[in-house]
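Model the placement of chain B on the given structure of chain A, informed by the hints.
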Amino acid sequence: MVRKPERLGLLALGLVLVVALPLGNLLPPGSPLHVSNFTLNLFGKFLTYAILALGLDLLWGYAGVLSLGHGVFFGLGAYAMGMHLMLEIGSKSVYQSALPDFMVWNQVKELPLFWRPFNSASFTLVAIVVVPALFALVFGFLAFRSRVRGVYLSIITQALALSAWLVFNRNEMNLGGTNGLADFKTIFGVPLNRAATQRMLYVVTAVTLVVAWALCRWITQSRAGKVLVAVRDSETRVLFCGYSPANYKLFVFVVSAVLAGVAGALYAPQVGIITPAKMGVLPSIEMVVWVAAGGRGTLIGAVLGAIGVNWMQSWLTTSYPDLWLLFLGALFMSVVLFIPDGVVGALARVAQWLRRRRSATTLDASPLGQATLGASRAGGSDTR
Amino acid sequence: MRRLLLLLFVAWLAGPPASHAQSPESLKALADLVVDNADKREAAVTVIGGTRDPKWLNFLGALRDGNVYARGKGKDAEVVVGGAKSTRGDAEMIEIVTAYERKPLGAVPLAGLVEIAADRRLRIAIKPFLDADETRLQLASRDPEARRGAALKLAHQADIGAASVVEAAIARETVPNVRHALEEALALIRLASGDASARILAAQALGALHGSGAMPALQRLAADTAATPAEREAARGAIRQIERWGLLVRAVETVFQGASLASILLLMALGLAIVFGLMGVINMAHGELMALGAYSTFVVQNVFRARWPDRFDAYFVVALPVSFAVAALVGVVLERGVIRRLYGRPLETLLLTWGASLIIQQGLRLYFGAANVDVSSPTWLSGGFALMTGLTLPFNRLFIIVLASVSVAAMYWLLFRTNTGLRIRAVTQNRTMSSCLGVRAGWVDATTFALGAGLAGLAGCALTQIGNVGPSLGQNYIVDSFMVVVTGGVGKLLGTILAAAGIGTLNKGIEPALGAVFAKVAILIAVILFLQRRPAGLFATRGRGAEA
Numbered sequence: 005m006v007r008k009p010e011r012l013g014l015l016a017l018g019l020v021l022v023v024a025l026p027l028g029n030l031l032p033p034g035s036p037l038h039v040s041n042f043t044l045n046l047f048g049k050f051l052t053y054a055i056l057a058l059g060l061d062l063l064w065g066y067a068g069v070l071s072l073g074h075g076v077f078f079g080l081g082a083y084a085m086g087m088h089l090m091l092e093i094g095s096k097s098v099y100q101s102a103l104p105d106f107m108v109w110n111q112v113k114e115l116p117l118f119w120r121p122f123n124s125a126s127f128t129l130v131a132i133v134v135v136p137a138l139f140a141l142v143f144g145f146l147a148f149r150s151r152v153r154g155v156y157l158s159i160i161t162q163a164l165a166l167s168a169w170l171v172f173n174r175n176e177m178n179l180g181g182t183n184g185l186a187d188f189k190t191i192f193g194v195p196l197n198r199a200a201t202q203r204m205l206y207v208v209t210a211v212t213l214v215v216a217w218a219l220c221r222w223i224t225q226s227r228a229g230k231v232l233v234a235v236r237d238s239e240t241r242v243l244f245c246g247y248s249p250a251n252y253k254l255f256v257f258v259v260s261a262v263l264a265g266v267a268g269a270l271y272a273p274q275v276g277i278i279t280p281a282k283m284g285v286l287p288s289i290e291m292v293v294w295v296a297a298g299g300r301g302t303l304i305g306a307v308l309g310a311i312g313v314n315w316m317q318s319w320l321t322t323s324y325p326d327l328w329l330l331f332l333g334a335l336f337m338s339v340v341l342f343i344p345d346g347v348v349g350a351l352a353r354v355a356q357w358l359r360r361r362r363s364a365t366t367l368d369a370s371p372l373g374q375a376t377l378g379a380s381r382a383g384g385s386d387t388r
Numbered sequence: 002m003r004r005l006l007l008l009l010f011v012a013w014l015a016g017p018p019a020s021h022a023q024s025p026e027s028l029k030a031l032a033d034l035v036v037d038n039a040d041k042r043e044a045a046v047t048v049i050g051g052t053r054d055p056k057w058l059n060f061l062g063a064l065r066d067g068n069v070y071a072r073g074k075g076k077d078a079e080v081v082v083g084g085a086k087s088t089r090g091d092a093e094m095i096e097i098v099t100a101y102e103r104k105p106l107g108a109v110p111l112a113g114l115v116e117i118a119a120d121r122r123l124r125i126a127i128k129p130f131l132d133a134d135e136t137r138l139q140l141a142s143r144d145p146e147a148r149r150g151a152a153l154k155l156a157h158q159a160d161i162g163a164a165s166v167v168e169a170a171i172a173r174e175t176v177p178n179v180r181h182a183l184e185e186a187l188a189l190i191r192l193a194s195g196d197a198s199a200r201i202l203a204a205q206a207l208g209a210l211h212g213s214g215a216m217p218a219l220q221r222l223a224a225d226t227a228a229t230p231a232e233r234e235a236a237r238g239a240i241r242q243i244e245r246w247g248l249l250v251r252a253v254e255t256v257f258q259g260a261s262l263a264s265i266l267l268l269m270a271l272g273l274a275i276v277f278g279l280m281g282v283i284n285m286a287h288g289e290l291m292a293l294g295a296y297s298t299f300v301v302q303n304v305f306r307a308r309w310p311d312r313f314d315a316y317f318v319v320a321l322p323v324s325f326a327v328a329a330l331v332g333v334v335l336e337r338g339v340i341r342r343l344y345g346r347p348l349e350t351l352l353l354t355w356g357a358s359l360i361i362q363q364g365l366r367l368y369f370g371a372a373n374v375d376v377s378s379p380t381w382l383s384g385g386f387a388l389m390t391g392l393t394l395p396f397n398r399l400f401i402i403v404l405a406s407v408s409v410a411a412m413y414w415l416l417f418r419t420n421t422g423l424r425i426r427a428v429t430q431n432r433t434m435s436s437c438l439g440v441r442a443g444w445v446d447a448t449t450f451a452l453g454a455g456l457a458g459l460a461g462c463a464l465t466q467i468g469n470v471g472p473s474l475g476q477n478y479i480v481d482s483f484m485v486v487v488t489g490g491v492g493k494l495l496g497t498i499l500a501a502a503g504i505g506t507l508n509k510g511i512e513p514a515l516g517a518v519f520a521k522v523a524i525l526i527a528v529i530l531f532l533q534r535r536p537a538g539l540f541a542t543r544g545r546g547a548e549a
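If you read the protein sequences in the order shown, they are chains A and B. Per the working numbering, the very first residue in the first sequence carries number 5; after that it's consecutive. Per the working numbering, the very first residue in the second sequence carries number 2; after that it's consecutive.
Since the hints were made in silico from the structure, they are not lab data. Warning: the hint list may mix true and false statements.
[As the list claims (entries may be wrong)] Quick list of the computed label-pair ranges, beta carbon to beta carbon:
1. G468/B / A334/A: 46 to 52 Å
2. V403/B / A334/A: 37 to 43 Å
3. F118/A / V403/B: 45 to 51 Å
4. R426/B / A355/A: 44 to 50 Å
5. G468/B / R360/A: 38 to 44 Å
Just so it is clear, CB atoms sit at the ideal spot from N, CA and C, and this is done for glycine as well.
With the rest of the complex left out, here is chain A (with noise of 0.2 Å):
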């Protein structure tokens, strides 16, 4: 049950997100609610993200599985849309070939293989999905079989993120290597860059965020949502009350890889270039920043963090470019030291100290004094 400012709350987020912005694009630029092709077209790649830092959330603030190679799963997907749109170029490109660009500098002769299901658009929507499903099925599987857990898992994780890196720049994949894919011109037939496109993508993006969140929100209040918390909080007694912990994080594992490749799909129409350095090691680890800053444990807590530090990511890195690093850094670290359940859970902390106090007078306040990191993790905005 959430209760009922908070409901409201997150409606008007939600209004605000999937209904003014685009409307206020809509207005004339001389109106002072307009909202530019610049700024929604930012906010496009802010909600993707988002749509990653949920499934991200998942996997971590509810199942306590640290992954750092969320870009992997990001790339992938977008990769796959990229494959298309590359495609659907034909022979617009500057080489006036049917084949993209690099393959021309490349000098590869005919389509590769693997490139060719990506001329049908429904195969492209498909494999979105089911391509980072299916890497995420196979690490996932070996990886929790095994029992390889916490800290171990996370390295190894992270191994991935850097070796797709590797595998990602090289030639010889004929993914374009080092400059990824770019240049694209249409979108289903649509072209790319007329604002009616760019706001439709935000549109589509924006609700795919909502129906992500529902899907979380729905995955984490069933049983298997409780059955991961309490893998989180003790992942031994569940294996010893018989359910297999594994199963359900690699469940969850490939439910946020999903969203993480849907995330991509989204990000590289809007973004219109996706490199192997959106899939490194610090793009991965720094969506976990996301997470950690916005409240883990908390759905809406992922989505205001990707929200957040990428807004102040995009006017640091414009104004003051060197001390961005510093900033992440000094994020990371304060986060972590000083506010380790999120905003929204200091957020949530200071609520109830506040409904305490008031309610000191009349009621024993002992249950809510126990605002331990756990109780507010699982509490928040998705109190039960």
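For chain B alone, kept in the frame of chain A given last:
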């Protein structure tokens, strides 16, 4: 005796033409230089150079440098070499000497001389003669590397005229690898110009010498249809011999490279592993502590260069403890300042140390600049140890192997022979119980973290000798060393050592087949599959707890 005579005879045949000091040909050529005809002048240079007479070669050098003048006009012109210039009154004077014997002719007014300009074509004609002469001078050099270079050059030219010089050089050579290069050069010269039987002998000699530089010449001979079957067979035999040797060299080389990579990984992972074993903390800032060590080395080097340039080679000896100390200091600050607040929450600690690593990295970038800095090797670490033909082990790699071994030995001593080590092992095994028994766990944590960080600094210092030093130095190796720690298991030094050795040799073993990138991917897959069998690493600590 007869053999000696024969040798002398051969030497006489192959030796330089007897001094035709001022033979009619060379004198005529000298006169031709004055003529205004490029073809004739070029021919003249060829004749003069062809004498290989040092005095004539000196003359050619002067000609190239524009110091040769003609005195007089037309057929009576005399060619002279100019020397020091001076002014007497208004006239500019120049000391001149004769072309060949350099007899002084006194100072004459410069205006009375015509410079014989060496144009491009003439200089090109002069160059080979002077080069050949220079190679010969290098053969007599005191620097073995210069002598070896000269031998390689002679082998490449394969000029029969040089055979006697090379023989003489072999006779007085004492450094083995230079001698080897000279013998190869001689055999190659003979292969190029001897008769059939000499070529067979030369081919056999080349086969026995194993030098891969002889391969092209041997292949040419083996494919040469004009050569006799015996010659071609000898060439093929030599090729087989060299190829077999090459396989051996490559095998030894792979082992060495594997050992070298393994010791780099070990140096890096050692500090990481003891901290992980003790506190369950993966220190993501370990790579940046290495970068700090590397930059400390850079600073020490600059101080030495500015203050004690004559003691420059000693800087590295100072840099080792300094980089250890700097990294250890930062490590202690990190541990006492923040990490200890998060004890028992390994994932949070991981994020925290990653944040610290970003700050250190960006700090280094802002202070030292984003570009790589230049750390030069001390002379005693440059060069290498020639183990066998075709394989030289670089001193810097050998040094790292030694440093890693010493570090491991010191670590063993510290952990198993001192009280500090006893406490560290106690806290690693059971923190609560140790605390109850009066071990100050916090103090042990700080010591161990300082030690681990110091080892990282040491690794960074060693890395300056083999790689680039830049702000992102740590990032390049860090994931590899994590893999070593994860594979090795928690808190076991032996596991770390074996994992480093295994990953290092495996990596170098498959690198030739797959390339560097896919070798790394293969290592990751191998580690994941390995963890299927042993989820807690090579040597898991056995305990009674369900989590262990």
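Looking only at beta-carbon atoms, does the pair R426/B, A355/A fall within the given range of 44 to 50 Å? holds (47 Å)
Between F118/A and V403/B, does the C-beta distance stay in 45 to 51 Å? With a Cβ separation near 48 Å, F118/A and V403/B satisfy 45 to 51 Å, so the hint holds.
Satisfaction of the hinted span 38 to 44 Å by the C-beta atoms belonging to G468/B and R360/A: Given a distance of about 58 Å, which is not inside 38 to 44 Å, the answer is violated.
Is 37 to 43 Å right for how far apart the beta carbons of V403/B and A334/A are? Between V403/B and A334/A, where Cβ atoms are some 40 Å apart, the hint holds.
Between G468/B and A334/A, does the C-beta distance stay in 46 to 52 Å? Violated - the Cβ-Cβ distance for G468/B and A334/A, about 29 Å, lies outside 46 to 52 Å.
Of the numbered hints stated above, those contradicted by the structure are hints 1 and 5, listed in ascending order.
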